[in-house]
Amino acid sequence: MEIRTKVITPDDKSPSHSDEFIKGLWRENPVFVQVLGMCPTLAVTNSATNALAMGLATCFVLVMSNTLVSLLRHAIPQQVRIASFILIIATFVTLVDYLLQAMSLTLHQALGAFVPLIVVNCVILSRAEAFASKNSVARSFLDGAGMGLGFTLGLLYLGMVRELLGSGSLFTFMLLPDNFEKWTIMLLPGGGFFTLGLWLLLINHLKRRKAQP
Amino acid sequence: MSDSLWSIFINACLINNFVLAYFLGICPFLGVSAKRDTAMRMGMAVTIVMLISSLCAYGIHQLLLLINAPYLELISFIVVIGSTVQVVEMIIKKTSPVLFRTLGIFLPLITTNCAILAVALFQTNRNYNLIESLIFALGAGLGFTLALLLMAGLREKLELASVPTLVQGTAVTLMIAGILSLTFMGFAGLGT
Numbered sequence: 001m002e003i004r005t006k007v008i009t010p011d012d013k014s015p016s017h018s019d020e021f022i023k024g025l026w027r028e029n030p031v032f033v034q035v036l037g038m039c040p041t042l043a044v045t046n047s048a049t050n051a052l053a054m055g056l057a058t059c060f061v062l063v064m065s066n067t068l069v070s071l072l073r074h075a076i077p078q079q080v081r082i083a084s085f086i087l088i089i090a091t092f093v094t095l096v097d098y099l100l101q102a103m104s105l106t107l108h109q110a111l112g113a114f115v116p117l118i119v120v121n122c123v124i125l126s127r128a129e130a131f132a133s134k135n136s137v138a139r140s141f142l143d144g145a146g147m148g149l150g151f152t153l154g155l156l157y158l159g160m161v162r163e164l165l166g167s168g169s170l171f172t173f174m175l176l177p178d179n180f181e182k183w184t185i186m187l188l189p190g191g192g193f194f195t196l197g198l199w200l201l202l203i204n205h206l207k208r209r210k211a212q213p
Numbered sequence: 001m002s003d004s005l006w007s008i009f010i011n012a013c014l015i016n017n018f019v020l021a022y023f024l025g026i027c028p029f030l031g032v033s034a035k036r037d038t039a040m041r042m043g044m045a046v047t048i049v050m051l052i053s054s055l056c057a058y059g060i061h062q063l064l065l066l067i068n069a070p071y072l073e074l075i076s077f078i079v080v081i082g083s084t085v086q087v088v089e090m091i092i093k094k095t096s097p098v099l100f101r102t103l104g105i106f107l108p109l110i111t112t113n114c115a116i117l118a119v120a121l122f123q124t125n126r127n128y129n130l131i132e133s134l135i136f137a138l139g140a141g142l143g144f145t146l147a148l149l150l151m152a153g154l155r156e157k158l159e160l161a162s163v164p165t166l167v168q169g170t171a172v173t174l175m176i177a178g179i180l181s182l183t184f185m186g187f188a189g190l191g192t
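Same order as they appear, the protein sequences are chains A and B. Taking our numbering, the leading residue of the first sequence gets 1, the next gets one more, and so forth. Taking our numbering, the leading residue of the second sequence gets 1, the next gets one more, and so forth.
No wet-lab data here; the hints were simulated from the structure. Backbone N, C-alpha and C fix where the C-beta goes; we use that ideal spot for every residue, glycine too. Treat the hints with care, since some could be wrong.
Taking lysine-lysine pairs in the DSBU-like style, the calculated list, with each CA pair at most 35 Å apart, reads [stated by the list, open to error]:
| hint | chain 1 | residue 1 | chain 2 | residue 2 |
| --- | --- | --- | --- | --- |
| 1 | A | Lys182 | B | Lys157 |
| 2 | A | Lys207 | B | Lys35 |
| 3 | B | Lys35 | A | Lys210 |
Short, incomplete list of chain A residues facing chain B, as computed with Cβ under 8 Å [unchecked claim]:
| hint | residue |
| --- | --- |
| 4 | Val93 |
| 5 | Phe194 |
| 6 | His205 |
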């Protein structure tokens, strides 16, 4: 992944379109920097496949809801905007839920109740409220895509570490030799907390090192 | 369902604790667990809303079964939870200003607490009847409160400890949550 070091100052009124996309990948990554949407992040990342599926489902909902919210941003009255956003998000989530069920039943069962729970993923609502309701359709679309991909990447990092150490495989391909002692704890809920904690530690460390020339 | 009510309760509260085993309601778990006092209030608010929305969700599920429109389930659940929170807020404000001041800002925040929606979804998935649903919601709410209180107690102690600056904040909280989650696995034999 490309790491952009460019810093946008707050008074820079119109960041380029590509920057709207890039920012979600690293600088404002929803998982590692904003620490939003933790519930699905931790719950479904015990294998890389589940993490990828969850990430892409969230990404789709994020892009669609951002676009629609932005299209309707002048039509939605200020007082009922949160309720309207949630309704829009819930509609797309229902869509994804049925889509996933039709495409792969096993995947749908593995993710379980966490697909409908995308509705209350704070990343989506926060992008609708903080970005899409104030910006043009093209920008909102790019913002949604960037944030969604950033979220997917974050989930993948967690899922890959947990699957590799917990089952010795990656996307169900066995990578580690048979005599590798599997870290079962990585597949358990506790492992999710530990892995995310360690990633945050690593990112803190990288940030710190960059700040000190 | 052959599960007894007691096992449903223990299951939701301890064995499959919503926060530590299902990762539901992590946002308030990390956000408002700095003080025991606020943690207690948040837990209370969540438990109350869970019970009411569980009741409503049960009614809605029966209604949607009747008119054969399961695809409306998710949308109606989230609308019901949102409005339940609003109504509960208004009622508490009218009847008990003291309680209202205690719960304060936490009530509106609950709308986006995924644990509430999860209670509604799980009880429909598992085909619980009305009594089972309510017991399940009560167990989940109390389990949430317990996890929040434990975390808050630990974090208060942590204030006095010298934590390396690198892990301060979310990183160390997640580590503690991991250890708590491991200890809760000890309850696994209770339900059977």
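Evaluation of the provided hints:
1. Lys182(A) x Lys157(B): holds, 34 Å
2. Lys207(A) x Lys35(B): Within the cut-off at roughly 29 Å; holds.
3. Lys35(B) x Lys210(A): Since the Cα atoms of Lys35(B) and Lys210(A) sit roughly 33 Å apart, the hinted pair holds (cutoff 35 Å).
4. Val93: holds, 6 Å
5. Phe194: This hint holds: Phe194(A) lies near chain B, its Cβ roughly 4 Å from the closest one there, short of 8 Å.
6. His205: holds, 6 Å
Every hint from the earlier list agrees with this structure, and none is contradicted.
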